[in-house]
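A.B. asks: Sequence:
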Amino acid sequence: MLRALCSCHNLRECQQPAAQRHGRKAADSSDRPPSPRRASSRNRRLPLCTVVRLPPVGLLPLLASLALSASAAATTERQVCQRFDFGTGRVASDWVAVRVDTTYTTDRGFGLEPGATVVGIDRATGHPERSDFLTSDRPFHFTARVAGDGNYRVSVTLGDAEAATHATIKAELRRLVIEAVHTNPGELKTVSFIVNVRTPQIAAGPGVPAGAVKLKAPRETVQEAWAWDDAITLEFSNRRPAVCAVVIEPVNVPTVFLLGDSTVCDQSKEPYASWGQMLPAFFKSTVAIANHGESGETYRDSLRRRRLDKVVSSLRPGDWVLLQFGHNDQKQIAAGTGGPATTYKAEIRQHVEAIRAHGGTPVLLSPMERRGFEADGRVMPSLIAYADAAREAARELGVAFIDLNAASRRFYEALGPERSAAAFAAPNGVIDNTHHNNYGAYELAKCIVQAIRDQHLPLAAHLNEGWTPFDPAHPDDPTTFAVPASGAFTNERPLGD
8 MLRALCSCHN LRECQQPAAQ RHGRKAADSS DRPPSPRRAS SRNRRLPLCT
58 VVRLPPVGLL PLLASLALSA SAAATTERQV CQRFDFGTGR VASDWVAVRV
108 DTTYTTDRGF GLEPGATVVG IDRATGHPER SDFLTSDRPF HFTARVAGDG
158 NYRVSVTLGD AEAATHATIK AELRRLVIEA VHTNPGELKT VSFIVNVRTP
208 QIAAGPGVPA GAVKLKAPRE TVQEAWAWDD AITLEFSNRR PAVCAVVIEP
258 VNVPTVFLLG DSTVCDQSKE PYASWGQMLP AFFKSTVAIA NHGESGETYR
308 DSLRRRRLDK VVSSLRPGDW VLLQFGHNDQ KQIAAGTGGP ATTYKAEIRQ
358 HVEAIRAHGG TPVLLSPMER RGFEADGRVM PSLIAYADAA REAARELGVA
408 FIDLNAASRR FYEALGPERS AAAFAAPNGV IDNTHHNNYG AYELAKCIVQ
458 AIRDQHLPLA AHLNEGWTPF DPAHPDDPTT FAVPASGAFT NERPLGD
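Numbering-wise (the numbering used here), the sequence shown opens with residue 8 and increments by one.
Calculated from the structure, these hints are not laboratory results. Each residue gets a CB set at the ideal place from its N, CA and C atoms; glycine is no exception. Each hint should be verified, as a subset may be incorrect.
[Claimed, not checked] Here are the simulated DMTMM-like cross-link-like pairs (lysine to aspartate or glutamate), alpha carbons at most 20 Å apart as the crow flies: (1) K352 to E425; (2) K196 to E169; (3) K291 to E256; (4) K291 to D504; (5) K221 to D156; (6) K352 to D410; (7) K223 to D504.
[Unchecked claim] Restraint ranges, calculated between C-beta atoms of paired labels, are given here: (8) G384 to K338: 26 to 32 Å; (9) T293 to H189: 20 to 26 Å; (10) A382 to T293: 24 to 30 Å; (11) G325 to T110: 37 to 43 Å; (12) T475 to T349: 37 to 43 Å; (13) A187 to R417: 25 to 31 Å; (14) G218 to P424: 44 to 50 Å; (15) D478 to A99: 45 to 51 Å; (16) P192 to E399: 54 to 60 Å; (17) D483 to K196: 37 to 43 Å; (18) G218 to G325: 23 to 29 Å; (19) G218 to R417: 39 to 45 Å; (20) V198 to T475: 17 to 23 Å.
Construct all of the structure, not just a fragment, from the sequences and the given hints.
C.D. replies: What follows is the structure in C-alpha cells.
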C-alpha cells in the first residue's frame, strides 16, 4: 500500500507560483549544448496540494491595506506535496496522471523530459496508483517543479503485477540515490530518498550579503542547468524499471554540503563521474546531500564565485560540509599566486571559520591522487604536499580529516598500473588519469563512508544499515560493477586537472 505522504484531496485544482525555471534538455549522446527554455511565472499550473493557515479574521481588513503578497508570505504556513500516477490506467481523484505523452512544459510544470521512449502498461488490478506503470529499455527522465531551495523527500513506487522489474534511480545531474531495486512478479516496493534543490540566489544573512553564485557559462547555465533550477529531475534506468507512482514533499532534515572540484561535483554526462555523485546512495532518507562542487575550482574560487556564501546562507545547526580541493590549487604554484603551506591553508581556514560561524560542522578531505605509477608499481605522488597541508590544517583547526589521498593510492595500487584504468573515464578510448568513471567514483565514495564509520563521526548515524566494511586495498571487482550508465555521453573533458 502506498504511504500517505500528504492530506490533500483535490490536487489538480491547486496552483502555486514558482521561481524561474532554467533550461532543460533530453538526455542524448550529443555534445551539443541544450537550448535553454525559460518559464514565465504567469499562469503556470502545478499539481500541488496546499494546506494554508490563515491569520485571524479580525486581521483581514488590516492585511488588505498592506502589501498582500509580502504579508501573506510572512503569515502563511504552507505544506505542499505532489502526487503523480504513472501509466495508462484510471487515476484517483487526488493524483495527477503521467502518461507516455506527458512531456514537460513550463505551463504544466511536470512531465517526461523530451526524448523519453516509454511504454505505458495497465494491469487493471483495481488500484489506480498501483496497477499501471511506465517503463523503458533506455534511461528516461521525469521532472517536477518544486517551491525552490530546500530538501524534498521523494517516494517512488516500483513493480509490475505480472513480471519482474529492475530499477536504478538517479536525481538531478546523475546523483545516485537508489542503486538497485528488484521486484518479483506481483510485488510492489516503495523507496524513499532525499533530493536537495538549489537556485543561484543567495539570501542575505549574518556576514553574507544578498546576491547570487557566479555560475560558469555555458557549463553551469546550460549543460548543468538541472543542478540550479527550481525542479527535481529523476532518471529511471536498469533492465526494466516499472514506475507506478512518484510522491514529492518538502522535508526538514539535516544537510551534508559538498564543496570541491571536478572530482567532487555532479558530472552531467558519461563517462565522467565523481564521488560526490555516488555518496547519496550510501545514506538513509534522514539526510540530504547537497553537492556544490564544480569543475576547475579551488578554495579561492569557492570564495570568489560565492559558492561558500551560498552554502553558509543555507546552513542550519546540525548540517555538515565536506571540503576537498587541491588539483587546481596546485596550479597556483607555477602562477606564483599561492602554495600548499601558505594560501591553501589560509583559504581552508576561511572556509572552516565561516562554516562554524553559521552552525555547521566542517570535514576536510585530502585530494585523491592522479593515476600514475612508479617502476615498482607504487602510485607516483603528485598531490602529497596538498594532502599534507590539508591534514595539518585539520589538526590546527580541530577539524575531522579524511585522508582520501592515501585511500586512493591504496585503491589504485591494488588494481595495478594496467587494471587501474578501469576506474577512470576514457572518452574516445583515451584514458583521463585525473577524472573517474562510475566505478572509480563509487569506490572512492566507499572510502569516504568507511572513514566516517571508522572515525565514529556523528554523521555515521545517517548511513545505511548493512554496511560491509570496505578496504581500498581490496576493492570491488570492476568487471562486476553494475550501476547502469546514464543516457547522455560527452567527449568534453571536465575543467581542471
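A.B. asks: What are the numbers of the hints that this structure violates, sorted from low to high?
C.D. replies: Result: hints 1, 4, 10, 17 break, sorted rising.
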